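Asker: Sequence:
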Amino acid sequence: MKLSLKALAVPVFVLTASFIGLAPAHAAAPSYYNDCGLAGVVKPKFITQFCGDGGAGVSNIKWSSWGSTSAKGSGTYYINGCDPDCADGKISYSKVNVSLSGLAKTHGKNYLMKVTVTPVAGKKFIWPPSMKPVPTQVTWVTDYWQG
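Numbering (my numbering), first residue to last: 51 to 197.
Derived by calculation from the structure, the hints in this document are not laboratory data. Values in this document were obtained by computation on a predicted structure and should not be read as measured data. One or more hints might be untrue.
[As the list claims (entries may be wrong)] Below, computed lysine to any residue pairings styled on SDA-like, alpha-carbon distance capped at 25 Å:
| hint | residue 1 | residue 2 |
| --- | --- | --- |
| 1 | K182 | A154 |
| 2 | K95 | K159 |
| 3 | K182 | G131 |
| 4 | K122 | V191 |
| 5 | K159 | G131 |
| 6 | K174 | V92 |
| 7 | K140 | S115 |
| 8 | K182 | A106 |
| 9 | K95 | K182 |
| 10 | K140 | N110 |
| 11 | K112 | K182 |
| 12 | K93 | P134 |
| 13 | K122 | V92 |
| 14 | K95 | M163 |
| 15 | K140 | K122 |
| 16 | K112 | A154 |
| 17 | K122 | Y83 |
| 18 | K95 | T168 |
| 19 | K95 | P134 |
| 20 | K95 | K174 |
| 21 | K95 | S142 |
| 22 | K122 | P169 |
| 23 | K173 | P183 |
| 24 | K140 | G102 |
| 25 | K93 | A154 |
| 26 | K159 | S120 |
[To be verified] Computed Cβ-Cβ distance ranges for the label pairs, DEER-style:
| hint | residue 1 | residue 2 | range |
| --- | --- | --- | --- |
| 27 | T119 | G139 | 32 to 40 Å |
| 28 | A79 | I141 | 34 to 42 Å |
| 29 | N110 | P185 | 16 to 24 Å |
| 30 | F100 | K174 | 44 to 52 Å |
| 31 | K164 | A78 | 15 to 23 Å |
We put the CB at the ideal spot given by N, CA and C, even for glycine.
Let's have the full structure, built from the sequences with the hints guiding it.
Answerer: Okay, structure coming up:
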């Protein structure tokens, strides 16, 4: 059986390319998220906005992407209206999209520091009546643990 040069060209090119570096390089170092001083994790299921009392944050997060410089997902934003007080306050819940950005290297790892939360398309935040105005997005930087 004779092989033509054309038949050999593609497999030889693919094999050669992988040895000389034309194939995909190693993936970038993973990024982590640190929630209120806990250990850094990849793809946390919840994140807290107010570490002092845990009165707001995002729960039940399902990540659609997690990269070295950003992450995107969806979940449920919750906030305690603290009316009449925080112990007895009603919690409001909203379906949201969440994104992480703001890459910082600290403690020998890459961390995504900035959190942006927006209601899902066509919706508004369900917000405690005593807290006005209702925002169109909520953002915070998780730098509590950097100190």
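Asker: Take the hints in turn and mark each one as holding or not.
Answerer: Taking the hints in turn, this is what the structure says about them:
| no. | hint | in the structure |
| --- | --- | --- |
| 1 | K182 x A154 | 33 Å, violated |
| 2 | K95 x K159 | 20 Å, holds |
| 3 | K182 x G131 | 11 Å, holds |
| 4 | K122 x V191 | 16 Å, holds |
| 5 | K159 x G131 | 35 Å, violated |
| 6 | K174 x V92 | 28 Å, violated |
| 7 | K140 x S115 | 32 Å, violated |
| 8 | K182 x A106 | 16 Å, holds |
| 9 | K95 x K182 | 28 Å, violated |
| 10 | K140 x N110 | 19 Å, holds |
| 11 | K112 x K182 | 29 Å, violated |
| 12 | K93 x P134 | 35 Å, violated |
| 13 | K122 x V92 | 12 Å, holds |
| 14 | K95 x M163 | 16 Å, holds |
| 15 | K140 x K122 | 28 Å, violated |
| 16 | K112 x A154 | 23 Å, holds |
| 17 | K122 x Y83 | 12 Å, holds |
| 18 | K95 x T168 | 17 Å, holds |
| 19 | K95 x P134 | 30 Å, violated |
| 20 | K95 x K174 | 22 Å, holds |
| 21 | K95 x S142 | 19 Å, holds |
| 22 | K122 x P169 | 13 Å, holds |
| 23 | K173 x P183 | 15 Å, holds |
| 24 | K140 x G102 | 18 Å, holds |
| 25 | K93 x A154 | 17 Å, holds |
| 26 | K159 x S120 | 14 Å, holds |
| 27 | T119 x G139: 32 to 40 Å | 36 Å, holds |
| 28 | A79 x I141: 34 to 42 Å | 37 Å, holds |
| 29 | N110 x P185: 16 to 24 Å | 21 Å, holds |
| 30 | F100 x K174: 44 to 52 Å | 21 Å, violated |
| 31 | K164 x A78: 15 to 23 Å | 18 Å, holds |
Hints 1, 5, 6, 7, 9, 11, 12, 15, 19 and 30, counting from the list given before, are not met by this structure.
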